[in-house]
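Below are the chains, spelled out letter by letter.
4 protein chains.
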Amino acid sequence: MCRWLAYSGTPVSLDDLLYRPEHSLIDQSLHSTMGAETTNGDGFGVGWYGSEDTPGIYRSIEPAWNDRNLHDLAPHVHSPLVFAHIRAAIGSAVQQTNCHPFRYGKWLFMHNGFIGDFHKVKRDLALAVDPSLFALIEGSADTEIFFYLALTFGLEDDPPAAVEAAVGLIEEVGLKHGVEHPIQMTVATTDGATIWAFRYSSVHDSRSLFYSTDVPTLQALHPELEILSVLSEESRLIVSEPLRDLPGAWNEVPESSYGIVQEGQDELRAFTPKAPVAAHA
Amino acid sequence: MCRWLAYSGTPVSLDDLLYRPEHSLIDQSLHSTMGAETTNGDGFGVGWYGSEDTPGIYRSIEPAWNDRNLHDLAPHVHSPLVFAHIRAAIGSAVQQTNCHPFRYGKWLFMHNGFIGDFHKVKRDLALAVDPSLFALIEGSADTEIFFYLALTFGLEDDPPAAVEAAVGLIEEVGLKHGVEHPIQMTVATTDGATIWAFRYSSVHDSRSLFYSTDVPTLQALHPELEILSVLSEESRLIVSEPLRDLPGAWNEVPESSYGIVQEGQDELRAFTPKAPVAAHA
Amino acid sequence: MCRWLAYSGTPVSLDDLLYRPEHSLIDQSLHSTMGAETTNGDGFGVGWYGSEDTPGIYRSIEPAWNDRNLHDLAPHVHSPLVFAHIRAAIGSAVQQTNCHPFRYGKWLFMHNGFIGDFHKVKRDLALAVDPSLFALIEGSADTEIFFYLALTFGLEDDPPAAVEAAVGLIEEVGLKHGVEHPIQMTVATTDGATIWAFRYSSVHDSRSLFYSTDVPTLQALHPELEILSVLSEESRLIVSEPLRDLPGAWNEVPESSYGIVQEGQDELRAFTPKAPVAAHA
Amino acid sequence: MCRWLAYSGTPVSLDDLLYRPEHSLIDQSLHSTMGAETTNGDGFGVGWYGSEDTPGIYRSIEPAWNDRNLHDLAPHVHSPLVFAHIRAAIGSAVQQTNCHPFRYGKWLFMHNGFIGDFHKVKRDLALAVDPSLFALIEGSADTEIFFYLALTFGLEDDPPAAVEAAVGLIEEVGLKHGVEHPIQMTVATTDGATIWAFRYSSVHDSRSLFYSTDVPTLQALHPELEILSVLSEESRLIVSEPLRDLPGAWNEVPESSYGIVQEGQDELRAFTPKAPVAAHA
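As given, the protein sequences belong to chains A, B, C and D, one line each in that order. Per numbering that gives the first Met the number 0, the very first residue in the first sequence carries number 0; after that it's consecutive. Per numbering that gives the first Met the number 0, the very first residue in the second sequence carries number 0; after that it's consecutive. Per numbering that gives the first Met the number 0, the very first residue in the third sequence carries number 0; after that it's consecutive. Per numbering that gives the first Met the number 0, the very first residue in the fourth sequence carries number 0; after that it's consecutive.
Possibly wrong hints are sitting among the right ones.
A few chain C positions that, by computed beta-carbon distances, are all more than 10 angstroms from chain B [unchecked claim]:
hint : residue
1    : 104
2    : 123
3    : 233
4    : 243
Pair ranges (Cβ atoms, derived) [to be verified]:
hint : chain 1 : residue 1 : chain 2 : residue 2 : range
5    : A       : 203       : C       : 213       : 53 to 63 angstroms
6    : A       : 130       : B       : 273       : 20 to 30 angstroms
7    : C       : 220       : A       : 204       : 41 to 51 angstroms
Quick list of in silico lysine to aspartate or glutamate cross-link-like pairs, EDC-like style, CA-CA up to 20 angstroms [stated by the list, open to error]:
hint : chain 1 : residue 1 : chain 2 : residue 2
8    : D       : 105       : D       : 156
9    : D       : 121       : C       : 123
10   : A       : 119       : B       : 137
11   : B       : 121       : A       : 137
12   : D       : 119       : C       : 129
13   : D       : 121       : D       : 171
14   : C       : 105       : C       : 262
15   : A       : 105       : A       : 51
16   : A       : 121       : B       : 129
17   : A       : 273       : A       : 179
18   : B       : 273       : B       : 157
19   : B       : 175       : A       : 129
20   : A       : 105       : D       : 14
21   : D       : 121       : C       : 129
22   : B       : 119       : A       : 129
23   : C       : 105       : B       : 14
24   : C       : 119       : D       : 137
25   : A       : 105       : A       : 190
26   : A       : 119       : B       : 129
27   : C       : 273       : C       : 155
28   : D       : 105       : A       : 14
If you are wondering where the hints come from, they were derived from the structure by calculation, not from laboratory data. Quick reminder that beta carbons are idealized off the backbone N, C-alpha and C, glycines included.
Kindly generate the complete structure, drawing on both the sequences and the hints.
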């Protein structure tokens with residue numbers, strides 16, 4: 000089981016996000032309290048948006064807690080939108096090309112969970128990837144295929160519909176191959192402006208996902224927390240596991256739903272996988 | 000451009016094969032004199048046969064000349080059949096799963112050269128891989144697909160026919176996608192008893208490949224070379240580039256041909272790619 | 000906290016030692032039940048004796064559970080004497096030159112524990128290393144200095160006396176710098192024939208260390224365990240943590256003592272640090 | 000032989016500095032035309048100044064030309080002062096802690112060359128390092144010791160005097176141990192505001208070092224080069240090897256001298272090693 004974090008809001012440093020909080024993502028990589036696996040030492044990745052059109056990305060196969068370059072970079076990288084992921088590999092090779100977040104153009108994508116019995120369905124799923132994208136597959140991770148399926152089904156135009164289509168296909172192909180629970184997932188994707196975060200699993204018992212309470216409410220609840228005073232009202236954090244034990248700060252994303260973190264009011268909607276008709280060929 | 004070496008004969012240590020010869024493979028990785036690329040620092044691999052059914056394998060993304068583990072292992076590993084490969088990546092990621100030799104059961108496979116315009120043909124070639132093998136693909140190297148195609152076309156039963164079928168398909172698919180020269184290759188494969196070594200390219204101007212003169216002749220030519228006295232008569236070396244400048248020691252494998260190093264008389268035959276009929280679907 | 004294992008006896012493969020046992024060292028690296036730290040993902044190393052004068056050695060900064068090369072090598076390496084170590088770094092860099100076992104000539108050395116407040120005492124200890132050995136120091140681990148101190152004080156001639164001298168010096172220097180508990184250790188060293196295993200700490204509450212019951216007794220206790228029938232009577236395992244829950248199989252090395260695994264009767268003796276007089280300069 | 004580059008001036012991205020120029024540092028790592036060694040594949044490092052007090056640093060043991068993280072970071076990191084170094088190891092281990100630039104507080108330090116017969120002089124030099132700095136030594140590179148010697152002799156107060164003292168000591172200790180040519184160097188150091196770049200060798204035949212012509216002159220010489228129009232008048236580059244063949248652009252730093260790149264007029268002065276008196280103990 001992996002861990003991930005997505006942040007949008009007032010520009011912060013990676014250091015503020017990844018190392019400073021109590022029970023930070025880096026701490027969690029060593030000692031998870033809520034995870035299916037207790038250690039996440041099989042690589043990690045960070046993606047962020049800065050002055051360039053495409054996001055920066057840093058991925059490594061070392062355990063996150065050991066990586067000196069990450070530690071040294073973290074205070075120097077400031078960004079208003081950050082994805083971070085630590086990996087507990089389930090079967091596939093520990094290699095940089097299997098580390099999240101995955102990137103395509105200005106899009107990032109990361110995943111906690113798995114495609115069930117991936118070896119049984121991998122070929123059918125790979126064939127459903129748009130031929131123009133196929134040659135870009137570099138690793139062997141289920142999530143990389145998942146990402147290219149979402150791109151195939153229109154991630155760049157309508158992310159929720161594209162993820163629903165990709166998951167619908169994964170369930171359909173799984174069913175065909177006798178896989179009991181074809182997918183388990185919390186997923187985040189972004190174009191650098193909006194974040195979409197999904198919680199779903201075929202068994203309807205999905206891995207945990209939390210979003211932070213809006214900043215004004217948090218400020219009222221915890222006036223003693225200085226950091227809250229520098230965050231914009233729209234700053235938001237979405238995490239696999241709460242970063243610190245702060246009463247009133249964390250809200251669970253409901254089963255089979257997704258959230259949209261965007262300019263203006265954020266939203267929470269139902270998530271319903273739908274296999275794309277064209278993919279039956 | 001990569002370099003490789005295949006050895007069969009009296010058991011020797013990896014140290015004897017890889018480090019001790021003048022102009023050894025390790026030296027070549029730093030300073031090639033015949034190669035298309037002068038530096039081969041993009042990973043390497045060694046495979047060898049010992050007491051187990053499947054060969055041992057050691058692959059790393061560090062330059063071979065830096066790898067302390069290889070240096071420390073080399074004197075401790077003795078084997079009658081060794082494959083070694085150093086890589087100059089052409090485009091694909093530098094990751095362990097892209098390093099040669101590739102292994103399947105008791106088979107090893109390594110390649111110097113490339114599949115032309117691989118991004119154009121990768122999908123069609125991947126689809127031609129037997130579905131039962133597809134999920135085993137772990138990396139993004141053209142050679143990994145090549146290997147699984149050869150396995151698909153019967154490598155375990157008739158290696159020359161299987162490699163001719165795989166190359167035939169690669170040429171046919173390349174042609175279909177407008178690739179001028181679909182393949183450039185010297186390839187070696189083995190089941191642990193016999194070695195097959197191929198030299199071929201679509202442009203009929205293939206990368207160099209040499210086999211060593213038979214040991215009795217070498218002993219007569221160079222009675223001063225002590226190592227020759229401990230080698231069995233059937234010991235044989237096949238290399239991308241001669242290891243040392245020894246008059247009479249190295250013979251070029253002719254264009255469009257392959258050699259078989261086996262118990263008894265070794266053989267040299269013509270190589271003719273033939274696209275498999277079933278693969279046209 | 001690290002974990003280690005030392006084996007002497009009937010030649011076995013690294014696979015048999017490291018991967019096959021229930022609660023194996025590799026398992027322990029992910030989920031320790033007795034350790035001070037729960038995860039040991041900061042590199043590992045294996046040393047073994049074969050046909051060469053010096054032992055083979057393989058060390059890596061990847062977590063042991065991820066290392067494919069170790070996994071692939073393990074069935075191919077057979078040895079009558081093996082050291083294996085997995086590391087939980089305490090402060091010092093995660094780099095190959097900090098991984099155990101350390102090697103000098105035919106000697107291996109590994110350590111679970113630490114030199115207290117190492118940054119305070121490092122210089123004085125480094126200065127006590129024999130000048131002819133000083134330039135061989137390659138990393139920044141406390142154990143590397145400890146090893147060179149033991150060599151300085153005669154490890155090759157009288158290992159117990161040399162380790163007692165090194166520990167005596169470490170305590171004396173620690174005292175001088177106000178370090179409350181200068182050393183915590185279980186240590187193993189070998190020349191390829193005999194193993195010496197030490198358990199000691201300044202606070203007299205040392206990390207755990209166990210040795211296996213003699214093989215004939217184990218055979219009588221557990222006639223159902225097939226593997227016992229192929230082990231010689233003198234085969235012996237020393238471990239930080241019992242490998243499996245086998246009644247009667249594991250015996251604790253007492254506080255402040257050391258064991259000698261050797262041809263003939265093994266021995267258990269008291270361990271008493273003694274600072275070398277010459278080192279006071 | 001290593002290669003390095005130091006830049007000061009208008010903020011640029013690492014991409015502009017490291018990847019875009021013809022005959023860039025990354026290209027040089029594969030194919031040097033002026034170097035003593037033709038391949039520099041033994042790690043690299045980059046240091047830069049940003050919003051923090053201490054410079055950012057990224058060091059890796061992969062060949063620079065393979066490192067995807069560097070490639071992905073480069074467009075995202077902008078800085079007015081950058082050090083970059085690619086390494087051809089001469090003997091010492093390829094590990095991150097041996098990669099340049101070395102950092103202490105706000106200082107960076109990098110070196111092309113070597114301390115002659117380092118194994119003979121390492122101990123004496125290490126003992127001359129200030130005891131308060133000794134425990135910070137993490138690797139086994141001659142340059143790390145050189146840097147701590149310069150810090151010991153006042154780098155933070157008077158860099159030229161400190162480097163002259165360090166080199167004086169290295170020569171004196173070398174002489175004592177019968178080393179013919181104790182040092183070969185081009186060295187750069189900076190506090191984030193000023194750069195000092197030294198060229199010196201005991202044999203008075205030092206490795207090459209060039210500084211760029213002042214920007215106004217370059218603009219007059221090469222009005223067609225667009226990039227020159229965005230650089231401030233004080234922008235300056237110092238390099239082991241000219242980055243591109245631009246008539247009038249590169250000036251050799253004379254033998255036994257050093258340059259100061261600073262606000263206002265840059266300077267060029269004679270370099271004269273002077274062994275510190277206190278170091279004779």
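Here is how each hint holds up against the structure:
no. : hint                                   : in the structure
1   : 104                                    : holds, 14 angstroms
2   : 123                                    : holds, 30 angstroms
3   : 233                                    : holds, 23 angstroms
4   : 243                                    : holds, 24 angstroms
5   : 203(A) with 213(C): 53 to 63 angstroms : holds, 55 angstroms
6   : 130(A) with 273(B): 20 to 30 angstroms : holds, 26 angstroms
7   : 220(C) with 204(A): 41 to 51 angstroms : holds, 44 angstroms
8   : 105(D) with 156(D)                     : holds, 13 angstroms
9   : 121(D) with 123(C)                     : holds, 16 angstroms
10  : 119(A) with 137(B)                     : holds, 15 angstroms
11  : 121(B) with 137(A)                     : holds, 11 angstroms
12  : 119(D) with 129(C)                     : holds, 13 angstroms
13  : 121(D) with 171(D)                     : holds, 13 angstroms
14  : 105(C) with 262(C)                     : holds, 18 angstroms
15  : 105(A) with 51(A)                      : holds, 9 angstroms
16  : 121(A) with 129(B)                     : holds, 13 angstroms
17  : 273(A) with 179(A)                     : holds, 18 angstroms
18  : 273(B) with 157(B)                     : holds, 14 angstroms
19  : 175(B) with 129(A)                     : holds, 19 angstroms
20  : 105(A) with 14(D)                      : holds, 18 angstroms
21  : 121(D) with 129(C)                     : holds, 13 angstroms
22  : 119(B) with 129(A)                     : holds, 13 angstroms
23  : 105(C) with 14(B)                      : holds, 18 angstroms
24  : 119(C) with 137(D)                     : holds, 15 angstroms
25  : 105(A) with 190(A)                     : holds, 6 angstroms
26  : 119(A) with 129(B)                     : holds, 13 angstroms
27  : 273(C) with 155(C)                     : holds, 18 angstroms
28  : 105(D) with 14(A)                      : holds, 18 angstroms
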